[in-house]
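Q: With chain U fixed as given, assemble chains W, B and E onto it according to the hints.
Each chain is listed here by its residues.
Protein chains: 4
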Amino acid sequence: MADPATIRTDAQRHHDPQIRGFASDNYAGAHPEILAAIALANGGHQIAYGEDDYTENLQQIVKGHFGPTAEAFPVFNGTGANVVSLQAMTDRWGAVICAESAHINVDEGGAPERVGGLKLLTVPTPDGKLTPELIDRQAYGWDDEHRAMPQVVSITQNTELGTVYTPDEIRAICEHSHERGMKVHLDGARIANAAASLGVPVRTFTSEVGVDVLSFGGTKNGALFGEAVVVLNPDAVRAMKHLRKLSMQLASKMRFVSVQLEALLAGDLWLRNARHANAMAQRLAEGVRAVDGVEILYPVQANAVFARLPHDVSERLQKRFRFYFWDETAGDVRWMCSFDTTEDDVDAFVLALKEEIAK
Amino acid sequence: MADPATIRTDAQRHHDPQIRGFASDNYAGAHPEILAAIALANGGHQIAYGEDDYTENLQQIVKGHFGPTAEAFPVFNGTGANVVSLQAMTDRWGAVICAESAHINVDEGGAPERVGGLKLLTVPTPDGKLTPELIDRQAYGWDDEHRAMPQVVSITQNTELGTVYTPDEIRAICEHSHERGMKVHLDGARIANAAASLGVPVRTFTSEVGVDVLSFGGTKNGALFGEAVVVLNPDAVRAMKHLRKLSMQLASKMRFVSVQLEALLAGDLWLRNARHANAMAQRLAEGVRAVDGVEILYPVQANAVFARLPHDVSERLQKRFRFYFWDETAGDVRWMCSFDTTEDDVDAFVLALKEEIAK
Amino acid sequence: MADPATIRTDAQRHHDPQIRGFASDNYAGAHPEILAAIALANGGHQIAYGEDDYTENLQQIVKGHFGPTAEAFPVFNGTGANVVSLQAMTDRWGAVICAESAHINVDEGGAPERVGGLKLLTVPTPDGKLTPELIDRQAYGWDDEHRAMPQVVSITQNTELGTVYTPDEIRAICEHSHERGMKVHLDGARIANAAASLGVPVRTFTSEVGVDVLSFGGTKNGALFGEAVVVLNPDAVRAMKHLRKLSMQLASKMRFVSVQLEALLAGDLWLRNARHANAMAQRLAEGVRAVDGVEILYPVQANAVFARLPHDVSERLQKRFRFYFWDETAGDVRWMCSFDTTEDDVDAFVLALKEEIAK
Amino acid sequence: MADPATIRTDAQRHHDPQIRGFASDNYAGAHPEILAAIALANGGHQIAYGEDDYTENLQQIVKGHFGPTAEAFPVFNGTGANVVSLQAMTDRWGAVICAESAHINVDEGGAPERVGGLKLLTVPTPDGKLTPELIDRQAYGWDDEHRAMPQVVSITQNTELGTVYTPDEIRAICEHSHERGMKVHLDGARIANAAASLGVPVRTFTSEVGVDVLSFGGTKNGALFGEAVVVLNPDAVRAMKHLRKLSMQLASKMRFVSVQLEALLAGDLWLRNARHANAMAQRLAEGVRAVDGVEILYPVQANAVFARLPHDVSERLQKRFRFYFWDETAGDVRWMCSFDTTEDDVDAFVLALKEEIAK
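Protein chains in written order, with this note's numbering: chain U, 47 to 405; chain W, 47 to 405; chain B, 47 to 405; chain E, 47 to 405.
Just chain U, same shape as in the assembly:
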């Protein structure tokens, strides 16, 4: 195959590839190994819609990570992975218990309700993490037709607030949920960061502790695009293929999703990328902790740092580096690190923060 760098294309570069910020891990591009993998999978014909050799091979890789019952269903994006999962785990009359801060509740444009007809039964949490006690605030009324029936508990690992459940915490949630006839879904848009943080294989806090289905995130882990619904407990879902299709998440040239997941998961690219992003967040947190006037809000356990600082400082700093307010009224911001964040990026950011706070 010809070197893509030498192939003429009518497309042009429109951006400066040296500029990075702390806005989101999906502001990053794709890891070079991902592009190499796509090039490998290119050429010739492969059956469309998932019957290709790459998707078949992916199953063995996924079983290696999650155990022999695991099956992967590649999809396009995280909202798709979550909403396909939740539809497959619920009936028409089902509802999903989740944290008020869950991505499915606050960041998916109402897709669970609109596409899945799902009611979300939400619970406020101090740190983005559910517990059996918090679940119980919504876990009742299964026989009451006046209430959407709680059938699934959905947790996010790591959470939207950058915190990480321990395996025991997830085990307790799964046991509690299963005892009440509910299944457990794990939104793993950043599951690699959680594994890196815990220093354990992904199975340790998923299949081994009772999680039924998870959304595996590739995009934020360095892929071009692409996630997978990973079914750990086959009895927990129905008609995955039909639901993926009718939810408009079935890629025709699926080999190109699957080979990206292979590039991440066949070796340790997933872990290298996650460890690096986490390490950069630790470096950032350490740098920031030394700065007066900045408060770190949650334990920094993955690749996110949430902080509170004067609003005007944030505004000035945003002119130098991209990042978002999390709660503008409170002055809370979120700084995300990615697989391509460098030590220099972090150090320059901390320096800039110090300069702005000193003004």
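Treat the hints with caution; some may be incorrect.
[Said to hold, decoys possible] Incomplete in silico selection of chain W near chain E, CB under 10 Å:
hint	residue
1	P78
2	V169
3	R290
4	K291
[What the hints assert, rightly or not] Per label pair, the in silico range of CB-to-CB distance:
hint	chain 1	residue 1	chain 2	residue 2	range
5	B	F371	W	Y370	31 to 39 Å
6	W	P345	B	P172	28 to 36 Å
7	W	W188	E	E341	57 to 65 Å
8	B	I53	E	E341	52 to 60 Å
9	B	D190	W	P345	24 to 32 Å
10	E	D190	U	P172	20 to 28 Å
11	W	D189	E	D189	52 to 60 Å
[Stated by the list, open to error] Reference listing, derived: stretches of chain U covered by chain B, where coverage requires no fewer than 3 residues with Cβ under 8 Å from a Cβ of chain B:
hint	stretch
12	190 to 199
13	210 to 216
14	241 to 251
15	282 to 288
No lab work stands behind these hints, which were simulated from the structure alone.
We put the beta carbon where it would ideally sit given N, CA and C, even for glycine.
A: The following block gives chains W, B and E in isolation, referenced to the frame of chain U:
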């Protein structure tokens, strides 16, 4: 940037890139220029969810093709493009008139009904093409609350049967529909093949004759993945961005969808790919016409050949080349050509057909 | 209880109770025995939402008609009965095969699609009746995720065209459908008219020949309002109570729906009403057959007469009696008889028709 | 018309009309004037689906109460009224802000999400009442496609906790919402009790202070069944008739819904019923306040009394009178009074409470 071919990846090649068939244009991989374009767009940080420089630049390219009011909304796949379009063009109480053979009716797993709540009002056609007369079989009862309200006419160009509307035919449909207060959507999963067939710019049979919104197909034209809803008449849609998001078709790293569309549309890659696929279908049709016992079913105007031949011949032939039955009872088959189909592929196929029919 | 006729009410009579037409059996009011039954059930408190004594008692009556496994779920209206039934019989990915002329397809405002997310797979029929052969036009592709999965066949008895399936015809449909893993729903908005026409108990063409679930029509049979989903095969449905509730068809004061069904079904009011309406349609058909220039279109087997006559005659006649065009272009009209249609009504109508046709 | 009491019916009385409890105002039957009104509207033919003389007449009555722009759309039940209203007030991408305790959130089986695809953005409240400040916790992000767009604020009058908004409180909510481009819906399942409590016409706290659409409750006010969506601001809704139909809330014999609303609203039956129920709740509250060990939880402003008392006392009391736990863990109960609750009922209940608490 390093040559991807030299980058180590844990992914492996699992297929033979020399094997091609006639099953579908989405069995092909991506054109090398597409991969080169993706590599160009990689590196550094770009705003996610469509505010990147590539998506912005794409707008100018699309305006160049379709006119100054055109706006592109990149999405993941064809079903997504269609269902987002149709939702944006209808109210909760709306319905869509289409050919019985339309992809939205027979190949999208019920996504229009399930995701969009849309009723499709279908009409049988001889060749996949609607006409004002055929539309009128379903175009009535706008004030009748007992009937889902016809708000959109959706046509496919080229059609699922490989036929191509002339610009005048589309103009007549648009005028007829607009007079009755209905908008026109064009499913352009293979719009490039139609343009190549007609030998006119895409605007000649879309924006210039009254089409309001179209789904522009990149995947079957040589992209890795990626389509775009192209809004030609801004008054025909509402809240495109919200509908794309809640329909789970919003790519976070959208630059990689947009740059593929740029690679196709900035120059003539779209047209080169389509012309080639069409030419291969012509070559195939010519080769087959000479064979006794094979009947070509529809005019071969794009990259598809539909034929009727003895069932056992097809079955033996399928062991040598992949392709699909279209109507197994009738013995009808579909042979699709792609941007990467070679003259040798066609000639070998025709030869094989002759051998099998002679047995 | 006081005589309602002697009770002062601020409501007034706004219509002439002597005027009747042939537009629809739901233009009629309620049979006096229905009002008497409602008065009986009034007073005191009864548990809401279906746990009342009338709904409980109804179960025995329904079992008497349909067999020991039958269970009734009272709902508000026919669309509600159909859409609740079909949701309970299908999965999220299911589709329903029905005649193109089926009420669920043409007269329910898209409720099956909008509320149930259901795709209807329709088949044209000569007389509103499906057959195994007609069903097979849509009965395929269960494993194909690109196609909404056919899970239910829905027939209407009597049909929207006034024709009546024989028990053997329904048995053949049920056997054919069950062999293919599909369930059978019967839209019985006018099931009483069908039973009266066939001269058999309702079980003879429902539970005894394999129908799984039916919508039992009370409104057109003389009730104020109210229908019931009658589940004949409990294995064919799931979560009926939850689906009725979330479909907004759960009456709080359900005793008043149930007692109307009791008034119809505990004795023979249902049959008296249906026989009378059917007899009036026969009288009408006989009167009309003698008139030159009027063609009766379908066998008159229930309470409907479909006829073709000159358009201007219909228009003049409509100024004297209410009725509807069925196909205005063709000059087809529909004349419906009701439980309260009198012989004089029919005779006057036939006379008027003769007068108008003579002009 | 014959006296229904003298008409033979095959239905039988299955309950004791002397037994009443405090479980719900929809455990009561219908007021005798309602049955008299239905008898008046019976007989003869009337156009189905809402073009009857009773529905037409109802419009004038509703305008008399709510002002000249008001229009009523009769429906079957409260969930139907709410979900039709909210669909008519929102786009596909819309969301509804409401109290966490709102009926639409906790008692409608997920119908808003399932039927309407609506996301509810909920806010905890101390007493079931929203305020501008509470609304602001969810009123943001209109341009953010990642968030379902807040388009409607829905309040309940009186609230599910028996509290009543003052006209000024509703005015403040309407002004606040309108300033932010949101419309206001009022769930008036017990609007009559609110008007009776405030001692003002219903317009004083609806049309005159900016409410756009309301659900008018007939069932809990003494009707057999039947509610109406009352559109106060025609610009706030679209396609009401289509949405009512596709939401399966269109009664064919609508005259019988409309005449019940006429019976309530043409004179003062609505107010007599509500005042009586409220008075009984006051009598109950006064009786209970004197009892040690019972705490009344919210201001008793309508026909509900919420109380906290020892769990075992409630359980013993429930064997004598029907009522529900509201929060079983906390020992909270709800006692509802109805139009047919008598002073003797209340006094007997208070006596029984005293007896049980003394045990």
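Q: With reference to the structure, classify each hint as holding or not holding.
A: Checked hints:
1. For P78 (chain W), the shortest C-beta to C-beta distance to chain E is roughly 34 Å, which exceeds 10 Å, and the interface hint is violated.
2. With 10 Å as the threshold, the beta carbon of V169 (chain W) stays out of range of chain E, its nearest partner Cβ sitting at about 22 Å, so the hint is violated.
3. Contact between R290 (chain W) and chain E, as hinted, is supported at the beta carbon level, the nearest pair being about 7 Å apart and thus within 10 Å.
4. At about 4 Å, the closest approach between the beta carbon of K291 (chain W) and any beta carbon in chain E falls short of 10 Å, and the interface hint on this residue holds.
5. The hint said 31 to 39 Å for the Cβ distance between F371 (chain B) and Y370 (chain W), and at roughly 44 Å that hint is violated.
6. One distance hint, 28 to 36 Å for the beta-carbon pair P345 (chain W) and P172 (chain B), holds here, with the actual separation near 32 Å.
7. Distance hint for W188 (chain W) and E341 (chain E): a CB-CB separation of about 58 Å, consistent with the stated range 57 to 65 Å.
8. In this structure the supplied range 52 to 60 Å is violated for I53 (chain B) paired with E341 (chain E), their Cβ-Cβ distance being about 42 Å.
9. Take D190 (chain B) and P345 (chain W): their Cβ atoms lie about 28 Å apart, and the range 24 to 32 Å holds.
10. Checked against the hint of 20 to 28 Å, the C-beta distance between D190 (chain E) and P172 (chain U) comes to roughly 25 Å, which is consistent with it.
11. In this structure the supplied range 52 to 60 Å is violated for D189 (chain W) paired with D189 (chain E), their Cβ-Cβ distance being about 35 Å.
12. Counting residues of the stretch 190 to 199 of chain U whose CB lies closer than 8 Å to any CB of chain B gives 4, which reaches the minimum of 3, so the coverage claim holds.
13. Check result for the stretch 210 to 216 of chain U against chain B: violated, 0 residues qualifying (beta carbon to beta carbon below 8 Å, three or more required).
14. Coverage of the stretch 241 to 251 of chain U by chain B is violated in this model, with 0 residues showing a Cβ closer than 8 Å to a Cβ of that chain against a need of three.
15. Using a Cβ-Cβ cut-off of 8 Å, 4 residues of the stretch 282 to 288 of chain U lie near chain B, which meets the minimum of three, so the contact claim holds.
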